[in-house]
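Using this note's numbering, read the sequence shown as starting at 1 and increasing by one per residue.
Derived from the structure by calculation, the hints contain no laboratory data.
Glycine is no exception: its CB is placed at the ideal position from the N, C-alpha and C atoms.
Accuracy of the hints is not assured; some may be wrong.
Derived Cβ-Cβ restraints for the label pairs, each shown as a range [stated by the list, open to error]:
1) Phe155 with Arg253: 26 to 36 Å
2) Ile39 with Gly73: 34 to 44 Å
3) Ile39 with Pro68: 35 to 45 Å
4) Leu83 with Met127: 22 to 32 Å
5) Lys93 with Asn128: 23 to 33 Å
6) Ile164 with Ala120: 32 to 42 Å
7) Thr152 with Leu70: 32 to 42 Å
8) Gly177 with Val84: 16 to 26 Å
9) Leu196 with Leu70: 32 to 42 Å
10) Gly172 with Pro97: 28 to 38 Å
11) Gly48 with Ile175: 32 to 42 Å
12) Gly200 with Ile175: 17 to 27 Å
13) Gly73 with Leu142: 34 to 44 Å
Quick list of in silico lysine-lysine cross-link-like pairs, BS3-like style, CA-CA up to 25 Å [stated by the list, open to error]:
14) Lys157 with Lys215
15) Lys215 with Lys93
16) Lys150 with Lys215
17) Lys36 with Lys93
18) Lys36 with Lys215
19) Lys157 with Lys93
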Amino acid sequence: MSTSHNPVMNRMLPSTVKANQAEVDAQFDQIVSSQKMTIGGVAIKMVGLFALLLAGAFVAWNITGNNPELGLGLLLPTVIVTLVLSLVISFSKNVHPVAVVTYAVIEGFFIGVLSFFFEAMYPGIVMNAVLGTLVTAGAMFLAYSMGWIKVTSGFTKAMMFALIGYALFGIGNLIFGMFTNSAGVYSGPYAWVAGLVGVGLAAFCLNLDFNTISKGVEQGLPRQFEWRAAFGLLVTLVWLYLEILRLLAILNRR
Numbered sequence: 001m002s003t004s005h006n007p008v009m010n011r012m013l014p015s016t017v018k019a020n021q022a023e024v025d026a027q028f029d030q031i032v033s034s035q036k037m038t039i040g041g042v043a044i045k046m047v048g049l050f051a052l053l054l055a056g057a058f059v060a061w062n063i064t065g066n067n068p069e070l071g072l073g074l075l076l077p078t079v080i081v082t083l084v085l086s087l088v089i090s091f092s093k094n095v096h097p098v099a100v101v102t103y104a105v106i107e108g109f110f111i112g113v114l115s116f117f118f119e120a121m122y123p124g125i126v127m128n129a130v131l132g133t134l135v136t137a138g139a140m141f142l143a144y145s146m147g148w149i150k151v152t153s154g155f156t157k158a159m160m161f162a163l164i165g166y167a168l169f170g171i172g173n174l175i176f177g178m179f180t181n182s183a184g185v186y187s188g189p190y191a192w193v194a195g196l197v198g199v200g201l202a203a204f205c206l207n208l209d210f211n212t213i214s215k216g217v218e219q220g221l222p223r224q225f226e227w228r229a230a231f232g233l234l235v236t237l238v239w240l241y242l243e244i245l246r247l248l249a250i251l252n253r254r
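All chains, please: the whole structure from these sequences, using the hints.
Shown next, in the form of structure tokens:
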């Protein structure tokens, strides 16, 4: 490391001053580095958010078990709150850790209630969905880490088009279901195909999250962006869990 950021002053200063300057420079560089985004920082925040989500799910599961009607009544409010928080976190220029933490807890409530009803209909499905989520996420992380899946501009564009198409399909299927009083495609003989597509999209979206984290670290983004990165990864994992849960439900009713 150089003893001074100014080469002219470096030649003029006595050796003792140079040594002091070098120490100051080293301390400054250390402080700056500690304020940058790191993979470890994202991992710590992700673990914390996941713990909060599980805590919320546990509470909601027990509430629903004691009072199913109350649990059912929590579904719509939690969806609305998490949607609003997602928009705030995603599009705000500043990172809001409180909003991210609140999202994790409320999302946990939603998952807890929904999982309770799925478990009541198909015993054992929740544990299988959790295991499926962990295995799939682990496989995607391994594939990304080993370079088997490369997040290029082409890959990103393809995923964006696929996500837009899937969103339009979901909206269209919802409208169709409202008019036919059914689950639309998900009530038909090829529901498993739609379910499998959803799982695949959610799984491959994890690679976009991994790439976002890697790029953020490489670019030296401020440390507070660890919250946004952890939030994005949590959202995708929740989506993956819900898609696997739905696919397992479809396969169980066949």
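Task: Verdict for Ile39, Gly73 (Cβ pair) under range 34 to 44 Å - done: Cβ of Ile39 to Cβ of Gly73: about 40 Å, so the range 34 to 44 Å holds.
TODO: Please test the hint of 28 to 38 Å on the beta carbon pair from Gly172 and Pro97.
DONE: 37 Å, holds
Task: Assessment of proposed distance window 23 to 33 Å (beta carbons of Lys93, Asn128) - done: 41 Å, violated
Open item on the list: Within 32 to 42 Å: is that where the Cβ-Cβ distance between Gly48 and Ile175 falls?
Closed with: 39 Å, holds
Open item on the list: Check whether the Cα positions of Lys157 and Lys215 lie no farther apart than 25 Å.
Closed with: At roughly 17 Å apart (the allowed maximum being 25 Å), Lys215 and Lys157 satisfy the hint.
TODO: Just tell me: holds or violated, for the beta carbon distance of Phe155 and Arg253 against 26 to 36 Å?
DONE: 34 Å, holds
Open item on the list: Please check whether Gly177 and Val84 have a Cβ separation lying inside 16 to 26 Å.
Closed with: Holds, since Gly177 and Val84 (Cβ atoms, about 24 Å apart) stay within the stated range.
TODO: State, for the Cβ atoms of Leu196 and Leu70, whether the hinted interval 32 to 42 Å holds or is violated.
DONE: The hint (32 to 42 Å, Cβ to Cβ) holds, given that Leu196 and Leu70 are roughly 34 Å apart.
Task: Supplied distance hint 34 to 44 Å, evaluated on CB atoms of Gly73 and Leu142 - done: 41 Å, holds
Open item on the list: Is 32 to 42 Å respected by the C-beta to C-beta distance linking Thr152 and Leu70?
Closed with: Since the Cβ atoms of Thr152 and Leu70 sit about 48 Å apart, the hinted range of 32 to 42 Å is violated.
TODO: For the pair supplied as a hint, Lys36 and Lys93, confirm whether the alpha-carbon distance does not exceed 25 Å.
DONE: 17 Å, holds
Task: Agreement of Lys157 and Lys93 with the hint, judged by alpha carbon distance not exceeding 25 Å - done: 24 Å, holds
Violated hints for the displayed structure, listed by number in ascending order: 5, 7.
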